[in-house]
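Chemist: Each chain is listed here by its residues.
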Amino acid sequence: GAVVSQHPSRVICKSGTSVKIECRSLDFQATTMFWYRQFPKQSLMLMATSNEGSKATYEQGVEKDKFLINHASLTLSTLTVTSAHPEDSSFYICSAGGGIKLFNEQFFGPGTRLTVL
Amino acid sequence: QKEVEQDPGPLSVPEGAIVSLNCTYSNSAFQYFMWYRQYSRKGPELLMYTYSSGNKEDGRFTAQVDKSSKYISLFIRDSQPSDSATYLCAMSRNTDKLIFGTGTRLQVFP
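As given, the protein sequences belong to chains A and B, one line each in that order. Every position in the first sequence, counted from 1, becomes a number in my numbering once 172 is added. Every position in the second sequence, counted from 1, becomes a number in my numbering once 4 is added.
In short, the hints are calculated from the structure, not lab data. Check each hint, because a few of them may be wrong.
[What the hints assert, rightly or not] List time: in silico DSBU-like cross-link candidates among lysine-lysine, alpha-carbon distance up to 35 Å:
#	chain 1	residue 1	chain 2	residue 2
1	A	LYS192	B	LYS60
2	B	LYS46	A	LYS192
3	B	LYS6	A	LYS238
4	A	LYS238	B	LYS46
5	A	LYS236	B	LYS60
6	A	LYS213	B	LYS74
7	A	LYS186	A	LYS236
8	B	LYS71	B	LYS60
9	A	LYS186	A	LYS227
10	A	LYS238	B	LYS60
11	B	LYS6	A	LYS227
12	A	LYS186	B	LYS46
[To be verified] Computed Cβ-Cβ distance ranges for the label pairs, DEER-style:
#	chain 1	residue 1	chain 2	residue 2	range
13	B	ASN98	A	ASP199	25 to 31 Å
14	A	CYS185	B	SER44	20 to 26 Å
15	B	GLU7	A	LYS213	32 to 38 Å
16	B	ASN98	A	GLN232	31 to 37 Å
Beta carbons: idealized from backbone N, C-alpha and C, even for Gly.
In isolation and in its complexed conformation, chain B is listed as follows (with noise of 0.2 Å):
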């Protein structure tokens, strides 16, 4: 079982659509949480950041920890074509080690 599981969709929706990204993980040593965004052929750039449970919110982002089940989303309001790229979570402990998921691709279309 891998430490970190993702769908890796494609996830298809019309702009204006609320986007709902999902990681669950098996490792409750885990207390930060990531988002990165990555467009083809480009590296990842962080979205946002949680550290333990809990919500947080950045513009139409907002990122939700529950570590009682073990799983975090991502939730992007009012979604437009610009944000169509692979979204990855990652995880870590106390350490620099990021373990990530496998990037769900989400396409936003007009």
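Next comes chain A alone, as it looks inside the complex (with noise of 0.2 Å):
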């Protein structure tokens, strides 16, 4: 099946500093990549639709200065969490979707844990 890694897959930061994490498709060339946000107990939540060399389409709600997002290649997608916030903490999970069998596959990574303290 296909691969989908992130890093890192845990992080612990300052309020007010910036994270970035990267979600890469390790075994197929994904056209679109997704941003989800997930707290304990809740579904998940998309956030943004990133495909490769455009801008993301962000959720409504969803900040898009905050939430900094790159799909610079076809397996490379970055989510940057700007002036992070404690409100910010929670499960970031990006997925791969698009060349693979049918476009409606969406393969997921591991996650990243953010707390900011």
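Assembly of the complex is requested from the two constituent chains, each provided in isolation within its own frame, with the hints serving as guidance.
Modeler: What follows is the structure, encoded as structure tokens:
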């Protein structure tokens, strides 16, 4: 099956700092990557969709200046949480889709747990 | 009303039991229906997906979609302790965007 990696798996930072999370598709080219956020006991909420080489499309209520997404290649997308605050503490998960069997199949990374102190 | 509703559980069953997990939805435009399994602090893993209505079987897992009732199910036969996880349903129209349920936490005890 398709493999998606995320780095780091866990990060703790101080309030006001910026954190970058990487998402890589290891064995396929992902035309589209997705970033989700998951709070405890809640569902995955789509934050944004990024297509390689173009600007990300953000979901309603997600601040694009706070959550910067870059999809520079077909195998790498990054999410940068700028000026992080405790309320940004969450589990961030990326997924990659497109170009694999059916375009609606998304393969998820293992997630990054962000804790902002 | 949420687009996708799923009972959060937890659902606790003995090993060997048949498990039934369900989701309801409100948007008749959904065409693709997925089930994901998520272990604690891990990303979701695709178990099965179905296009439109009907049944699909894969080993001990069977996915059913009833579009007339806007209801989907995942059945797990001969459940094992290793099946203990959170099961998420997800749905999509003809785009890449997936709408997830909140997930049902399943515990299979020996």
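Chemist: Hint by hint, note whether the structure agrees.
Modeler: Each hint, compared with the structure:
| no. | hint | in the structure |
| --- | --- | --- |
| 1 | LYS192(A) to LYS60(B) | 40 Å, violated |
| 2 | LYS46(B) to LYS192(A) | 19 Å, holds |
| 3 | LYS6(B) to LYS238(A) | 26 Å, holds |
| 4 | LYS238(A) to LYS46(B) | 25 Å, holds |
| 5 | LYS236(A) to LYS60(B) | 39 Å, violated |
| 6 | LYS213(A) to LYS74(B) | 24 Å, holds |
| 7 | LYS186(A) to LYS236(A) | 21 Å, holds |
| 8 | LYS71(B) to LYS60(B) | 14 Å, holds |
| 9 | LYS186(A) to LYS227(A) | 28 Å, holds |
| 10 | LYS238(A) to LYS60(B) | 42 Å, violated |
| 11 | LYS6(B) to LYS227(A) | 28 Å, holds |
| 12 | LYS186(A) to LYS46(B) | 24 Å, holds |
| 13 | ASN98(B) to ASP199(A): 25 to 31 Å | 26 Å, holds |
| 14 | CYS185(A) to SER44(B): 20 to 26 Å | 23 Å, holds |
| 15 | GLU7(B) to LYS213(A): 32 to 38 Å | 19 Å, violated |
| 16 | ASN98(B) to GLN232(A): 31 to 37 Å | 20 Å, violated |
When held up to the earlier numbered hints, the structure conflicts with 1, 5, 10, 15, 16 and fits the remainder.
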